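Asks: So the sequences go chain by chain: A and B.
So that you can map any letter, position 108 of the first sequence is 108 in the numbering used here, and since no number is skipped, the others follow by simple counting.
So that you can map any letter, position 111 of the second sequence is 111 in the numbering used here, and since no number is skipped, the others follow by simple counting.
Calculated directly from the structure, the hints in this document are not laboratory data.
Just so we're clear, the structure is a prediction, and the values are computed from it rather than from any experiment.
There could be a bad hint or two in this list.
[Stated by the list, open to error] Calculated pairs, PhoX-like style, for lysine-lysine (alpha carbon to alpha carbon, straight line, at most 25 angstroms): (1) B:K198 x A:K112; (2) A:K76 x B:K198; (3) A:K112 x A:K80.
[Stated by the list, open to error] Stretch by stretch, here's where chain B covers chain A in the computed footprint (C-beta under 8 angstroms, at least three residues): (4) 64-73; (5) 113-122.
Glycine residues also receive a C-beta, built at the ideal position from the N, C-alpha and C atoms.
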Amino acid sequence: MKRLLALGVVVLTTAALAWAGSETQPKAGGAPKPVIEKAVKGEQCVEDTDYMRRNHMKVLDGHRDKTVHEGIRTKKYSLKECINCHASETTGSVAASKDDFCVSCHSYASVKIDCFDCHSTKPQGSAAMHPLNAETAHYKHKLAAQAASKISAEEMAGLAP
Amino acid sequence: MSELKPMSEQAPASPERRRFVGTAAATAAGLAVAPGVVLVQVAHGRPEDQAVSSAVRWGMLVDATKCANGCNDCVTACSTENGWTPVAESQHPKQAPQWIRKLELQDPLTQMETNLPMMCQHCAEPPCVDVCPTGASFKRADGIVLVDRHTCIGCRYCMMACPYKARSLVHEHLNDTQKADVPRGIGCVESCTFCVQKVDRGDGNTACAEACTAAGHNALLFGDMNDPDSEISRRLRELPTKQVRADLNLNLGVRYHGI
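With the hints as constraints, model all of the structure from the sequences given.
Replies: Shown next, in the form of structure tokens:
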């Protein structure tokens, strides 16, 4: 009986290890790693990736005060430009679904992000890509007018060649 | 710059030529000139890395005699440009933000009706800035009164202090319906910004004034009140204008004619 039990334990342990090692499950050592989508446009960020991962909040913080108070609207370190580059191709946003660029890392690191309480998560002009919800239904005619304008949404987002 | 002066003295200057003069001056300012020669930068061509300066003071002239009864184009244009829901379409009209509103006034004795838009008057001495406990309410160097939403705590002292009822609080989540150029959100106070995003882009005009001109009323004129050659300065010299509640001595950026 004891032998059978030991065998059972071995079989179960092996199965558990195999299950843990499979692709679909998180690796030993914690939560699923964040999905980092490659930026839609542009090859290189304004700083090295390592620097940006640690310091993006500092550069954004410095830039926002200059923009709001002094009207300096340079593109480097501008949140709008981050969004223009990093908006997901599927959702058109940096924070609409859990795998979008900003949200993915922030939920992994468990750091609350409140930029998007006020800032749009989508590049300018991309609203046409998104189905309207009840909250924005009154914008329908305005969006239609936007779509009829000479500048395409891609051009406005700077995606056109 | 001096060779441009005679041109701008010819009145009335067409908008096309004004734009051309602005562009030409901006281009000239960007070019290398002889050593020691400093060109004065024109407001409309401010490079994006240069801070706003008090050499410019943005202002608006409202001609109430031209403001049409029943026309709401300035309000619609503002809500479209800045992404706020028009009061009529809001689920909670009593709390709905209002950056600009149309007023219809009637003299009780003579029954004379006056139409005018009311919005943030962009005071030189803004009471909203005086009372703000966090410094979120501030006046930019070029005279535009704004709220820094990063520091606004939503206490609404500024709404109480404003004699013009120009400010609103955002009561509800906006669920990512904001414009990319116009961040705004729950728990923050907001008001007319003189379309600061357009001003910084170099448009030199606001959405409401553009809409009023497009509708053919020409009741709204936006411009630099510090530039003696600007259209608004010229009109302010010619027309009798009033400041609303002039007794408060706030030196307003919005002046009314015909009230």
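Asks: A separate judgement is required for each hint: does it hold in the structure or not?
Replies: Right, here's what the structure says about each hint:
About 31 angstroms separates the Cα atoms of K198 (chain B) and K112 (chain A), which puts this hinted pair outside 25 angstroms; it is violated. Taking the CA atoms of K76 (chain A) and K198 (chain B), the gap is near 19 angstroms; set against the 25 angstroms cutoff, the hint holds. The hinted pair formed by K112 (chain A) and K80 (chain A) meets the criterion: a straight-line CA distance of about 19 angstroms does not exceed 25 angstroms. Note: the region 64-73 of chain A has 9 residues with beta-carbon separation from chain B under 8 angstroms; the three-residue rule is met and the coverage holds.
Remark: the region 113-122 of chain A is confirmed as covered by chain B, as 7 of its residues place a Cβ nearer than 8 angstroms to a Cβ of that chain, reaching the required three.
Of the numbered hints given earlier, the model fails hint 1 alone.
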